[in-house]
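Peer 1: Chains as they are written, first to last, in numbering that gives the first Met the number 0: chain A, 0 to 512; chain B, 0 to 347.
Hints in this document: simulated from the structure, not taken from any laboratory.
Some hints here could point you the wrong way.
Claimed, not checked - Result set (DSS-like, lysine-lysine): computed pairs, CA atoms no more than 27 Å apart in a straight line:
1. K187(A) with K72(A)
2. K341(A) with K281(A)
3. K324(B) with K341(A)
4. K236(B) with K318(A)
5. K158(A) with K126(A)
6. K158(A) with K72(A)
7. K64(A) with K19(A)
8. K339(B) with K324(B)
9. K72(A) with K339(B)
10. K362(A) with K324(B)
11. K187(A) with K158(A)
12. K64(A) with K126(A)
13. K341(A) with K318(A)
14. K318(A) with K339(B)
15. K362(A) with K318(A)
The primary structure of each chain is shown beneath.
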Amino acid sequence: MTLLRAETIVKRYGATEALKGVDFDVHAGAVNVLIGENGAGKSTLMKILAGVETPTSGRLLLDGKEVRIGSVKDAAAHGISIVHQELNLCPNLSVSENIFLGRHNAGLGKSLIDRRSERAETAALMKRLEQDIDPDTLVGDLRIGQQQIVEIARALSDKARVLILDEPTSALSPTEVEVLFRIIRDLKAAGTGIVYISHRLEELLRIGDHITILRDGSWQATAPVAEVSMPWIVRHMLGHDGQTAVATPRDSSATTVLSVRDLTLTRPDGGYSLDHVDFDIKTGEIVGIYGLLGAGRSELLESLIGACPARGTVRLDGKDMMGLNVSSRVARGLCLVPEDRKAEGLFPNLSVGGNLGLSSLPKFSRLGLISETAAGRAITAMIGLMGVRTASPDLSIGALSGGNQQKVVIGRCLMPGPRVLLIDEPGRGVDIGARHDIFARMRTLAEGGMSVVFTTSDMAEAQTGADRVLVMARGRITADLSPSEATEAALIAAANGVPEPDPNLTLPEMSPA
Amino acid sequence: MSATTPTTPAPSDSKGGALSLILQLRTYIALIAVLAFFAFAAPNFLSVASFTIMLQHIAIIAILGIGMSFVILTGGIDLSVGSTAGLAGMVAGMLILNGIVLEPLGIVIYPSIPLVVVITLGVGALVGLINGALITRFGVAPFIATLGMLYVARGSALLSSNGTTFPNLVGTSAHGNTGFPFLGAGQLLGVPVPIWLMIVIAAIAMLVAGRTAFGRYVYAIGGSERAATLAGVRVNKVKTLVYIISGLCAALVGLIISSQLVSAHPATGETLELSAIAAVVLGGASLSGGRGTILGTLIGACVIGVLSDGMIMMGVSEFWQMVIKGSVIVAAVVLDQIQKRFITGARS
């Protein structure tokens with residue numbers, strides 16, 4: 000049964016047409032999957048359904064009757080709720096204040112907020128999501144993954160008829176993904192129409208019922224998930240058959256470039272975010288750091304770059320880095336592509352070129368003045384090397400898609416010619432085309448002698464993208480695996496803190512799709 | 000513009016192209032509008048003499064505004080500039096009249112005017128350094144740190160003379176410290192020195208903001224301080240420097256004003272910080288940082304200067320002047336918000 004139907008939706012922004020007459024059906028009691036590369040128009044379509052944007056032309060039918068959804072309030076009145084890809088939470092408010100923002104429970108005299116009932120409902124939601132998060136915790140104190148859970152909880156508390164989930168799992172751990180999937184199944188059984196957007200294709204095949212593919216703002220294909228295969232999806236998404244980078248084993252004679260000993264970071268509560276971490280990275284090596292949410296992956300990379308007050312030793316080419324601040328470490332050849340690139344990697348007010356050049360300005364300066372020709376040449380070269388899709392380096396960075404913004408942040412880090420590139424979650428919020436590009440580029444750079452350390456919560460990424468996988472659990476490195484050793488069973492075991500993978504370990508939840 | 004210059008957002012090709020262009024050029028249009036209006040409405044407005052006087056007033060606001068621009072571009076604010084200008088004037092006055100008294104030796108040293116200028120600028124830089132240290136080392140919000148400094152500097156200015164004026168700062172040839180009035184009242188090639196100072200400082204500031212790594216870092220910090228830190232920018236150093244620049248500009252203005260008046264009064268520069276902020280905002284800068292230009296600030300200072308002087312020449316009452324100036328500033332910000340909506344609307 001079709002609950003909500005979008006007919007020949009067109010959306011224009013100035014001269015660019017984001018949607019070119021797209022049809023989309025949301026079936027009740029089903030998971031309606033929408034996929035496409037970044038810039039294909041998925042998010043725009045969802046914003047139209049959720050009342051964030053109004054279509055230039057086309058119409059929306061709810062239960063067969065035409066409706067006008069001009070605002071988020073309209074959408075809510077029609078029972079449409081959305082979890083945005085970008086987090087929309089107030090970091091200075093508590094979890095329960097965020098969940099009830101804009102529609103608080105009325106208490107005494109209808110004008111005061113009934114905090115107690117809000118807290119109780121929040122606690123119930125957290126229990127349902129199997130999260131150990133206190134309703135009074137400030138959202139700003141939560142990790143990104145936990146914040147995403149709060150977003151999901153907010154949408155759940157709406158009791159919506161149509162629930163749109165835009166990349167809900169991008170920051171979730173496998174366990175949390177399982178919880179979410181269980182809740183999605185409950186909602187399905189209750190007749191909710193779910194729209195599900197994700198770049199993780201294996202997830203879509205597991206949870207989806209109907210699949211719709213968009214490419215460049217146009218409808219490509221629709222089919223029941225039972226009838227489709229991975230190659231079919233890739234073909235319709237890209238318009239050609241994609242290929243994945245395959246790790247080649249590195250020679251073991253390479254010299255150690257980065258040596259980490261006894262790296263320790265204490266949490267405010269006295270526990271360890273990093274618990275005496277030791278490892279070495281060799282020249283030209285790509286090392287993946289796999290772990291669940293809260294394992295300490297981001298903290299590890301931030302400690303290496305000097306953005307966290309960690310103790311221990313970090314040696315780059317044998318020279319101690321611990322006394323140095325971030326800029327000195329960057330100058331000596333370390334660089335970090337942060338996980339939350341919108342907030343921590345991009346300069347929204349600078350052009351594409353301004354973003355790319357920022358870490359290497361002294362290199363382009365003569366007598367204190369930036370040589371525009373030298374900088375421009377290097378920037379154009381980097382745009383080519385990273386395959387950034389932009390009409391001009393003068394374009395505002397905000398005009399680029401998520402994948403291309405990611406490439407710009409990586410390119411900015413590469414411009415000074417680092418020895419070791421640290422990338423926190425390179426695949427987060429990036430379509431498979433761009434992800435493929437990024438991993439292929441990492442491989443090329445590693446062959447040129449640069450070392451790469453990346454973190455991931457995606458097992459496939461760890462298995463195919465790295466020469467070696469370090470697994471983290473609770474601030475410790477619990478396994479050091481070669482690609483052939485990094486089986487799903489081994490990764491899960493180590494990520495849960497089991498040092499030796501047990502061959503008899505049964506993992507009913509995570510059986511391969 | 001070249002590849003890496005932080006420009007105002009790329010012109011949109013949306014249907015509101017013409018309107019959006021008008022919005023982008025609104026500061027220039029405002030300047031032309033006020034000039035045209037006063038040319039008709041104010042007697043003797045269109046004369047070399049009145050323009051020369053007006054430009055000297057504009058120079059005061061523009062120099063403060065240029066220093067303020069760097070601060071605002073990083074997302075900060077400097078409320079202490081008016082008081083710093085007052086303090087600087089008092090320091091110069093004290094050095095010229097009383098000299099430096101070395102009590103134990105029982106001698107008094109009268110520094111020459113160039114040295115007075117250097118010491119006074121040093122005081123301005125010190126004020127900026129303290130502001131910068133409070134903000135970067137102790138995490139005090141810029142509004143609070145510089146508000147505190149507003150009082151401390153004004154209080155110090157009053158203390159320096161016990162609230163009285165240092166009069167008649169012409170110096171004596173016996174002390175070798177004559178020539179102070181040149182800074183404010185002198186002329187080079189027929190153009191008053193303050194106007195030259197404005198031109199030179201504006202030129203340097205444009206070069207620094209647009210063509211140096213420091214300038215780019217200022218914009219980057221205003222865009223995203225966290226991203227700048229992780230990208231290897233020495234954020235604390237850059238932020239401290241912008242307050243030092245602002246303090247230097249304020250001290251220079253203090254020197255110019257006391258030189259023009261040939262006396263230093265401790266109340267000099269009161270509310271000038273507001274004119275400076277207004278010039279920056281009128282020039283299209285965002286108070287949240289990352290957006291704005293030196294040229295914009297110059298035009299903004301011109302609008303404010305022309306508006307005040309024009310109204311005085313028309314004989315508009317002082318009370319109405321305040322109402323009109325305030326309205327113009329708020330209107331500028333409203334237009335800025337409308338323009339922003341155009342830009343975000345043109346983006347997917």
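Peer 1: Now tell me, hint by hint, if it's right for this structure.
Peer 2: Evaluation of the provided hints:
no. : hint                 : result
1   : K187(A) with K72(A)  : 24 Å, holds
2   : K341(A) with K281(A) : 30 Å, violated
3   : K324(B) with K341(A) : 38 Å, violated
4   : K236(B) with K318(A) : 25 Å, holds
5   : K158(A) with K126(A) : 16 Å, holds
6   : K158(A) with K72(A)  : 15 Å, holds
7   : K64(A) with K19(A)   : 23 Å, holds
8   : K339(B) with K324(B) : 23 Å, holds
9   : K72(A) with K339(B)  : 24 Å, holds
10  : K362(A) with K324(B) : 45 Å, violated
11  : K187(A) with K158(A) : 12 Å, holds
12  : K64(A) with K126(A)  : 37 Å, violated
13  : K341(A) with K318(A) : 32 Å, violated
14  : K318(A) with K339(B) : 48 Å, violated
15  : K362(A) with K318(A) : 22 Å, holds
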